[in-house]
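In order, the protein sequences belong to chains A and B. Taking the working numbering, I'd label the letters of the first sequence as residues 1249 to 1489. Taking the working numbering, I'd label the letters of the second sequence as residues -9 to 273.
In case anyone wonders, no lab produced these hints; they're calculated from the structure. Among the hints, a few may not be true.
The list that follows gives simulated cross-link-like pairs (lysine-lysine, DSSO-like), each with its CA atoms no further than 27 Å apart [claimed, not checked]:
id : chain 1 : residue 1 : chain 2 : residue 2
1  : B       : Lys139    : A       : Lys1396
2  : B       : Lys3      : A       : Lys1320
3  : B       : Lys196    : A       : Lys1320
4  : B       : Lys0      : B       : Lys159
5  : B       : Lys122    : A       : Lys1396
6  : A       : Lys1320   : B       : Lys41
7  : B       : Lys242    : B       : Lys265
8  : B       : Lys80     : B       : Lys122
9  : B       : Lys207    : B       : Lys166
10 : B       : Lys166    : A       : Lys1476
11 : A       : Lys1455   : A       : Lys1320
12 : B       : Lys3      : A       : Lys1476
13 : B       : Lys228    : B       : Lys196
14 : A       : Lys1396   : B       : Lys0
15 : B       : Lys41     : B       : Lys196
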Amino acid sequence: MTNLTTLIRGEFSRLNKYGLFKANLVILLVWIFLVWFMESEALLRFIPLIFLMDSVMMTILLVGATLFYEKKEHTINSLMVTPVTENEYLMSKIITNVLNSLLTVFIISLAVYLLKGVTYKYWLVIPAVTLVSVVHTLIGIRLSYSAKDFTSLLINYMAYVFIFFLPSLFAQLNLVDQAVARFFILLPPEASGLLITSGFTVTEPWKIVFSSLYLALLSILLFRFVVKPQFIAYVMKETGV
Amino acid sequence: MIIVKNLRYKYPKNKDYVIDGVSFEIREGEIFGFLGPSGAGKSTTQKILIKLLTGFEGEITYQGRSLSSYTNEFYQDIGVSFEMPISFSKLTALENLRFFQRLYRKTVDLEPLLRRVGLWEDRNKKAGEYSKGMKIRLNFVRALLNDPKFLFLDEPTNGVDPANARIMKDMILEFKRRGGTVFLTSHIMGDVDELCDRVAFIAGGKLREEGSPRDLKLKYGKRTIRVEYRENDELHTKILPMEEIKNPDFFKLLQEKEIETLHSGETTLAEIFIKVTGVRLRD
Ligand SMILES: Nc1ncnc2c1ncn2[C@@H]1O[C@H](COP(=O)(O)OP(=O)(O)OP(=O)(O)O)[C@@H](O)[C@H]1O
Ligand SMILES: [Mg+2]
Chain A
1249 MTNLTTLIRG EFSRLNKYGL FKANLVILLV WIFLVWFMES EALLRFIPLI FLMDSVMMTI
1309 LLVGATLFYE KKEHTINSLM VTPVTENEYL MSKIITNVLN SLLTVFIISL AVYLLKGVTY
1369 KYWLVIPAVT LVSVVHTLIG IRLSYSAKDF TSLLINYMAY VFIFFLPSLF AQLNLVDQAV
1429 ARFFILLPPE ASGLLITSGF TVTEPWKIVF SSLYLALLSI LLFRFVVKPQ FIAYVMKETG
1489 V
Chain B
-9 MIIVKNLRYK YPKNKDYVID GVSFEIREGE IFGFLGPSGA GKSTTQKILI KLLTGFEGEI
51 TYQGRSLSSY TNEFYQDIGV SFEMPISFSK LTALENLRFF QRLYRKTVDL EPLLRRVGLW
111 EDRNKKAGEY SKGMKIRLNF VRALLNDPKF LFLDEPTNGV DPANARIMKD MILEFKRRGG
171 TVFLTSHIMG DVDELCDRVA FIAGGKLREE GSPRDLKLKY GKRTIRVEYR ENDELHTKIL
231 PMEEIKNPDF FKLLQEKEIE TLHSGETTLA EIFIKVTGVR LRD
């Protein structure tokens, strides 16, 4: 078994043992419960929203919570004196979150199909959710770097949601000029929403291509120039071991 | 095995050097004790040696190659126990160890190790529910689970009861007998005296003294013999220079008086510690 699979297995076993998986599952059940009462018309507008929230917010929260525990228990230091590399460590976080988001997609899609017989373009939804989850794992890690504790992580997280979601909301409510709103696709959540929604509606292909390339590029840049270079400093910021 | 030359280090946010020009060598197969007052930089030095802290000045070579040229393969060969015990609190002791074990190419059988340190019965208890001493022993086992060549132990027996400390010290000595090398810090001078082949004292960022415990005790002690004896129900003390040990008067004293104690004047590591670190700290 490679280090990466060991790390990912470790992530899942800890998500389970630390009760984070359970929290995730409860939320899933709430979604399924809501879906139950919806007509297929509303359903097709609501499901992308679930996937978006899961791959943006749950991803940030989950990676934030695991980093918080690792920091609190200093286990990150122990890991850094094993043959595990920084890349393996960071990749394990990304892959774990992607798998988690895809699990949500799988369970919700199955429930919707069984309950309502509704299907959609899975071949668009799956890569979209994967990409969105990758970007937001990295954003979540970055937000954790500058958080002293879990509360300040939550504040960072809310600030992120506020700053990046509000413009899209304003645009939806026609509070922003259309000419300006065009550029909102450059906000990660907006691009994310667009990509995920493309599995449920008809979207102009250039928008799908653009958003995909944009999020992929953003992931690479975040990893290469932000998350990875600051990682060691983050590990060492902690004292007392 | 490790050669440190002119090591200097300051934490990124601070302006003062914690380590300010320190040189020493850890030879293959020895137990090297790194001693000094609290806050002197012992743990910091260990973290530099295990490649956790980067950005130091000076030169560190490990088996003839610059430490920074090593990849993470370096960690296949070393075992580390930190100053504070570290484990995933909600995983059991065994789950903790198994997780770390899978990250190494070479591993050892856990059962005998856990039995030895008295944790086998409690292996399925959550690490978070362990007592402090149990956590420390668990960390000690974790440091050994990849069958390392080199052990870095930051105050390994601090907070462990005497019986378990005895077991851990025996294990450290056995590790050495099998050819292992150890870097060890401790405030327990008895342990240091018993375990270490050589020690170095650090204070105020500089190395103050270095040598085998025995040599240092001779160097800092007095070459005298101190005899306490009873005569007419009164306690008498006689101190004479070591050179006079073959003097007939001394033999006569031994033969005729009721000797209570007999000591040569070499000092203890604790006294050397205070002498070489304590005084200098104030300048
Ligand atoms: N992460 C850190 N950031 C900034 N300064 C630190 C950090 N860790 C330690 N220091 C400082 O570096 C100095 C040396 O600390 P270190 O932990 O190496 O001491 P030590 O010799 O191990 O002490 P002790 O015997 O108490 O364990 C101290 O002044 C400490 O305050
Ligand atoms: Mg220390």
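Status of each hint after checking the structure:
1. Between B/Lys139 and A/Lys1396 the CA atoms are separated by roughly 37 Å; this puts the pair beyond 27 Å, and the hint is violated.
2. At roughly 21 Å between alpha-carbon atoms, B/Lys3 and A/Lys1320 fall within 27 Å of each other, so this suggested pair holds.
3. Taking the CA atoms of B/Lys196 and A/Lys1320, the gap is near 32 Å; set against the 27 Å cutoff, the hint is violated.
4. For the hint linking B/Lys0 to B/Lys159, the alpha-carbon distance of about 32 Å lies beyond 27 Å, and the restraint is violated.
5. This hinted pair checks out: B/Lys122 and A/Lys1396 have alpha carbons roughly 26 Å apart, not beyond 27 Å.
6. With a C-alpha separation of about 21 Å, the suggested pair A/Lys1320 and B/Lys41 falls inside the 27 Å cut-off, and the hint holds.
7. With a C-alpha separation of about 36 Å, the suggested pair B/Lys242 and B/Lys265 falls outside the 27 Å cut-off, and the hint is violated.
8. In summary, the hint linking B/Lys80 to B/Lys122 is supported, as the alpha carbons are separated by about 15 Å, within the 27 Å threshold.
9. For the proposed pair B/Lys207 and B/Lys166, the alpha carbon gap of about 23 Å is at most 27 Å, so the pair holds.
10. A hinted pair counts as satisfied when its Cα atoms are at most 27 Å apart, and B/Lys166 with A/Lys1476 does not qualify at roughly 38 Å.
11. The straight-line distance between the Cα atoms of A/Lys1455 and A/Lys1320 is roughly 42 Å, outside the 27 Å bound, and the hint therefore fails.
12. Restraint check for B/Lys3 and A/Lys1476: satisfied, since their Cα atoms lie roughly 20 Å apart, inside the 27 Å limit.
13. Restraint check: the Cα-Cα separation between B/Lys228 and B/Lys196 comes to about 39 Å, which exceeds 27 Å; the hinted pair is violated.
14. Note on A/Lys1396 and B/Lys0: the hinted pairing holds, with a Cα-Cα distance of about 22 Å set against a maximum of 27 Å.
15. Proximity of B/Lys41 to B/Lys196 is assessed by CA-CA distance (about 21 Å); at most 27 Å being required, the pair is judged to hold.
In this structure, the hints that do not hold are numbers 1, 3, 4, 7, 10, 11 and 13, in rising order.
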